[in-house]
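Peer 1: Take a look at the letters that make up each chain.
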Amino acid sequence: MAELVFEKRPKPLLVLNDILLMVGRSSRHILRNTDQLLGTFFQPIMFLVLFSAVFGGAIEKSLPPGVSYLNFLMAGILVQTLAFGSTTTAIAICNDLQKGIIDRFRSLPMSNVAVLAGHTISDLFRNGISTVVMLLAGLVMGFRSSASFSDWLVIAGILLLFTFAFSWLSAIAGVFAKSVEGVQWLSFIFVFPLTFASTAFVPAEGMNKYLKVFAENQPITHVVEAVRSLMLGLPPGDHIWLSLVWCGIMLVVAIPLTTWMFRRKTSA
Amino acid sequence: MPNQPAISVKGLTKAYGANQVLRGVNFTVPRGTMLALLGPNGAGKTTTVRILSTLLHADGGHVTIEGHNLTADPEAVRGVIGLTGQSAAVDELLTGRENLVLMGRLYRLTKASAQQRAQELLEEFDLTEAADRPAKTYSGGMRRRLDLAVSLIATPPVIFLDEPTTGLDPRSRLAMWEVIRHLMDTGTTILLTTQYLEEADQLADNIVVIDGGKVIAEGTATELKRQIGQDRLVLTFAKQADLEKALAALDGAIAGSNSEPTASIALQNTQADMRTTLEKLEKAGVTAVTIDIHKPTLDDVFLSVTGQHQPAEPTKEVANG
Numbered sequence: 001m002a003e004l005v006f007e008k009r010p011k012p013l014l015v016l017n018d019i020l021l022m023v024g025r026s027s028r029h030i031l032r033n034t035d036q037l038l039g040t041f042f043q044p045i046m047f048l049v050l051f052s053a054v055f056g057g058a059i060e061k062s063l064p065p066g067v068s069y070l071n072f073l074m075a076g077i078l079v080q081t082l083a084f085g086s087t088t089t090a091i092a093i094c095n096d097l098q099k100g101i102i103d104r105f106r107s108l109p110m111s112n113v114a115v116l117a118g119h120t121i122s123d124l125f126r127n128g129i130s131t132v133v134m135l136l137a138g139l140v141m142g143f144r145s146s147a148s149f150s151d152w153l154v155i156a157g158i159l160l161l162f163t164f165a166f167s168w169l170s171a172i173a174g175v176f177a178k179s180v181e182g183v184q185w186l187s188f189i190f191v192f193p194l195t196f197a198s199t200a201f202v203p204a205e206g207m208n209k210y211l212k213v214f215a216e217n218q219p220i221t222h223v224v225e226a227v228r229s230l231m232l233g234l235p236p237g238d239h240i241w242l243s244l245v246w247c248g249i250m251l252v253v254a255i256p257l258t259t260w261m262f263r264r265k266t267s268a
Numbered sequence: 001m002p003n004q005p006a007i008s009v010k011g012l013t014k015a016y017g018a019n020q021v022l023r024g025v026n027f028t029v030p031r032g033t034m035l036a037l038l039g040p041n042g043a044g045k046t047t048t049v050r051i052l053s054t055l056l057h058a059d060g061g062h063v064t065i066e067g068h069n070l071t072a073d074p075e076a077v078r079g080v081i082g083l084t085g086q087s088a089a090v091d092e093l094l095t096g097r098e099n100l101v102l103m104g105r106l107y108r109l110t111k112a113s114a115q116q117r118a119q120e121l122l123e124e125f126d127l128t129e130a131a132d133r134p135a136k137t138y139s140g141g142m143r144r145r146l147d148l149a150v151s152l153i154a155t156p157p158v159i160f161l162d163e164p165t166t167g168l169d170p171r172s173r174l175a176m177w178e179v180i181r182h183l184m185d186t187g188t189t190i191l192l193t194t195q196y197l198e199e200a201d202q203l204a205d206n207i208v209v210i211d212g213g214k215v216i217a218e219g220t221a222t223e224l225k226r227q228i229g230q231d232r233l234v235l236t237f238a239k240q241a242d243l244e245k246a247l248a249a250l251d252g253a254i255a256g257s258n259s260e261p262t263a264s265i266a267l268q269n270t271q272a273d274m275r276t277t278l279e280k281l282e283k284a285g286v287t288a289v290t291i292d293i294h295k296p297t298l299d300d301v302f303l304s305v306t307g308q309h310q311p312a313e314p315t316k317e318v319a320n321g
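If you read the sequences in order, they're chains W and Y. Letter 101 of the first sequence, counting from 1, is numbered 101 in our numbering, and no numbers are missing. Letter 298 of the second sequence, counting from 1, is numbered 298 in our numbering, and no numbers are missing.
Any given hint could turn out to be false.
[To be verified] Here are some chain W residues pointing at chain Y (derived, C-beta under 7 Å):
hint : residue
1    : Lys11
2    : Asp35
3    : Gln36
4    : Asp103
5    : Pro109
6    : Val113
7    : Arg144
Worth flagging that the hints you see were computed from the coordinates, not collected in a lab. Heads up, the beta-carbon is just placed ideally off N, CA and C, and yes, glycines get one too.
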């Protein structure tokens with residue numbers, strides 16, 4: 001047997017290495033889970049086609065003159081896809097917790113939090129694929145943007161941060177739930193209202209006044225409006241910095257909370 | 001500290017609510033030997049292994065593994081142990097090789113070292129052909145072998161094998177025994193849990209019988225067998241009269257307790273004793289209808305040490321995932 005060689009690095013670097021290894025693992029999962037990968041490709045296209053075809057005619061009348069529904073919808077449906085996509089993080093974490101593999105990880109001298117970080121970080125990769133697929137499909141269907149290259153960089157930055165924050169939020173459900181079905185329900189009851197009671201698909205003007213107050217001030221709307229204004233060259237107002245603040249709040253709350261819950265759950 | 005045992009467990013207790021699972025378990029495992037924890041389902045075997053491998057906190061007791069105190073320094077303990085649980089803990093979407101390399105890296109081996117060690121283990125565990133296939137395509141036996149290989153990746157000095165053959169077909173079980181014997185030769189200290197007396201007998205240096213969260217017997221396989229009795233020759237006769245004649249002709253034979261006319265006799269030296277027994281029967285002019293060799297079972301251990309039959313069925317093989 002060959003001599004074993006161990007890494008001799010300071011502890012923080014070893015933890016970083018654990019995280020990178022777990023990102024590698026989760027990314028392989030994404031590429032090998034063919035059913036899920038098909039969903040990653042086709043679900044965004046399906047949503048885009050259905051929403052623009054079904055709602056387009058009716059909603060276009062209430063949009064500012066010169067704005068097509070497809071152009072209006074693009075930002076909303078991107079954010080919705082990313083929010084729904086975060087459920088996959090929760091399912092992956094829940095799956096790990098149900099299987100013997102979690103005992104394996106826990107009996108290793110590794111950082112256990114790397115398991116969580118591996119999933120939330122690799123999901124940026126999967127959601128990135130969804131976003132690109134959707135933008136390409138949009139372009140084929142007639143979506144046109146006036147955004148400059150630097151605008152697109154800001155858009156990409158906001159969407160990445162939002163996805164990361166939402167994945168950590170969703171990770172709470174993944175640790176909390178006792179089964180994958182439970183995860184789906186938990187995600188459903190908070191992701192669905194948040195995405196639909198927003199300006200993702202329709203302008204807030206037609207909503208009743210309570211709903212309107214909620215819709216205009218919740219994080220998803222800020223993210224959608226920030227991305228939309230950048231895409232269509234509209235005045236962004238406060239939406240960009242409010243999006244960043246909201247994403248920051250989600251991360252500051254979700255990362256320690258999920259980590260604490262995970263440690264508690266795995267150290268009975 | 002060469003004379004210090006690899007594993008020392010004193011007064012280990014654990015309760016889940018009102019259910020007292022461990023009631024003061026004590027044992028030691030000398031370095032380089034194998035101890036089998038033998039007991040039925042629910043005896044506390046898995047709980048013990050989970051505590052020793054830092055997955056579960058004990059309520060009380062003192063445990064040291066390779067000199068590290070379990071409560072004070074669990075991270076140091078994790079660095080010297082390998083665990084193979086009841087459910088094969090491999091990543092199904094990764095290939096066998098990827099599983100090995102990933103776990104090796106998480107043990108903090110360098111990339112080159114992890115890859116080299118993975119290749120050695122794949123060869124040793126007869127997994128080279130399947131090395132680059134996802135683990136979900138593996139058979140049950142292959143998965144267990146991979147699981148064991150994974151726990152050996154950083155050659156920890158102490159290995160926990162929690163029911164490594166439960167749910168395996170006989171051929172895979174024999175293959176697994178071969179692998180475990182080979183592991184013994186490398187000087188690894190092993191704690192094995194099993195519900196099969198035969199497995200403990202075949203593999204372990206020492207056996208601790210555990211039931212209801214307590215150690216009820218311990219010793220080498222030979223010592224325990226002496227305690228519970230040897231192989232017995234069981235003879236069944238056509239009629240009661242034949243049995244009477246046989247009992248008269250055979251020293252030490254006792255009548256069976258069931259309704260059929262049976263006699264049984266302890267075998268010290270199986271081959272020689274069988275021959276003399278059959279010769280004596282011949283001389284007495286009696287013919288047995290069936291002749292069986294009855295091997296002592298876990299049930300006999302329980303009968304002999306607790307006076308009760310096992311609470312759970314010993315042979316029922318539950319596939320725990």
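Peer 1: A separate judgement is required for each hint: does it hold in the structure or not?
Peer 2: Here is how each hint holds up against the structure:
no., hint, result
1, Lys11, "10 Å, violated"
2, Asp35, "12 Å, violated"
3, Gln36, "11 Å, violated"
4, Asp103, "6 Å, holds"
5, Pro109, "5 Å, holds"
6, Val113, "13 Å, violated"
7, Arg144, "40 Å, violated"
Hints 1, 2, 3, 6 and 7, counting from the list given before, are not met by this structure.
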